[in-house]
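Chemist: Here's the letter readout for the chains.
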Amino acid sequence: MTRTIGEIAKFVTSKNAGPFLLTLDIVFPDEASYRRFKDLRALDRATVARLYGIDEAEVLKIIEFDPAYAMKVTLRRPWGSGAVGETDVYGAQQHVPLMEHPVPWPEA
Amino acid sequence: MADRMTILAPEGMLGYGIPARSMEEGLKRQPDVLAVDAGSTDPGPYYLGAGVPFTNRRAFTRDLATILEAASARRIPVLVGSAGGGGGRPHLEYTVEVYREICRERGYRFRTAIIGAEVDKAWLKRQVARGRVAPLDVGAGLTEAEVDRSARIVAQMGVEPFLRALELGAEVVIAGRACDAAVMAAPAMRAGFDRALAYHMGKILECGGAAAYPRHGSDSLLGVIEREAFVVEPPNPDKICSVASVAAHSLYERSDPYRLALPGGAVDLRHSRFEQCSPRAVRVSGTRWEPAAAYTLKLEGAARVGFRTLALAGIRDPLLIAELDAYLDNVRTRVADTYPPDGYRLLFHVYGRDGVMGALEPRREIRSHEVGLVIEVVADDPDASAAILALARSVALHVTYPGRKAIAGNLAFPFSPSDLKAGDAYEFNVHHLVTVDDPLELFPVEMLED
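Going down the list, the sequences are from chains A and B. Here the numbering used here is used: the first residue of the first sequence is 1, the next is one more, and so on. Here the numbering used here is used: the first residue of the second sequence is 1001, the next is one more, and so on.
Check the hints yourself; a few may be wrong.
Only part of the chain A face toward chain B is listed, based on derived beta-carbon distances under 7 Å [stated by the list, open to error]:
id : residue
1  : G6
2  : I8
3  : T23
4  : A83
No wet-lab data here; the hints were simulated from the structure. Just so you know, even glycine gets a beta-carbon here, dropped at the ideal spot from N, CA and C.
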């Protein structure tokens, strides 16, 4: 039984963190689902790199943030926000590969 | 010193709209200070580079007038950070112009300080030569040539220039580019409150109502700082601050929720406690200050890369959608026959395929019955940009492809004229840290003459 991250989480978002970084946040609805997700160890740099078709070196940080029941993934942007070739100046629509990623989640 | 200080952030971005009820409720709490952030790099490099604001002038004027009206009636100070969006010289001039217009019309008189934040290129090149500039989130170090290529460079000030302005007796402070959190932290620090708590509260307040749920629209936020903690609460009675909403805000637009790097140090959230102290308010304590070995300022610069021209079109024909890659390659090749492919960029944004995610898009197949096409040309001068786009648009309209049946034209244009001048195109080319000896060195504080 699998669920997508979007089905488990309360929020899945992307946004620039300054012009050269893209940060993805997954916020869980409660401590139980957050702990359960953390224990899966389903998100590592290799997985995120595969989801976005980028090198692992471009996945800079994956941080667990207990106070918000949240996980944060930060990627290097392919270029500075708004440079020629840009598709998303604010970086606000880059979350879907993460949101649609399935993880093992048997019914409790 | 007082036991507490109340700061009202009327909105998260000056010009995005202050809900009247939130302002009214916020003022009932007798704030000691009104503070608002007016800037961001979010809208991209154009606004910094071209020296223009990214908010609408009418909306900006209305919001600033609302804030000044409250300040005038209550004789409380107002701090505005990152004036005009980019926080450079023209952005500051624009803000001062609007400010003077409001004061003149309404008869307000304030002791006013203006703080510049635009970086002198000759000064910065000397710092590059001295090895005082380091890259931030970008691979490359800064070079003197890159400084020269910039249209404009600003530095984000810390609290010190604001403190200087307040010491000079300013009732209104209009500052160029500033760390968002410094705008709210400065009055709290001047009143003797803890630096880490002041900056942490400032970081939450600078986005206005964003730290409250439900999170929609531009709104206000109140911060009350005490010796050992601060409390944040939305004045809008339809919203609440919860531990989740405030903690989640620590994630927003930042790469590390535990650490907020600032001039002279960092705010360390690893030991911060978030407690629900009332149904609508959250108390934060335990935040620590981690001093840095050197006092560094973040530099932001934008360089002009050319003139942009666009054409927008739609494609409905399934025979063409099936041949899209080969078709676009063919357009590019034919344009290159006339304009050899150096000195300009020709780009196709294909909505329905990868127009939103580009190279990051994992799904490459087109599953829609129609696609949107944006043809973009960036060339050095407007005439070249227009000429190359005109050719690309014309070739794209008429060029054939295998199996074509619709021989009258390949594209549906929604507009006449089809070719749109988008103006100068910029890119962020400076995102670095410079070490300074004096926190005020780059930020002249001047009292405004009437």
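Chemist: With reference to the structure, classify each hint as holding or not holding.
Modeler: Cross-check of the supplied hints:
| no. | hint | result |
| --- | --- | --- |
| 1 | G6 | violated, 15 Å |
| 2 | I8 | violated, 16 Å |
| 3 | T23 | holds, 6 Å |
| 4 | A83 | holds, 4 Å |
Comparing the model with each numbered hint stated earlier shows that hints 1, 2 do not hold.
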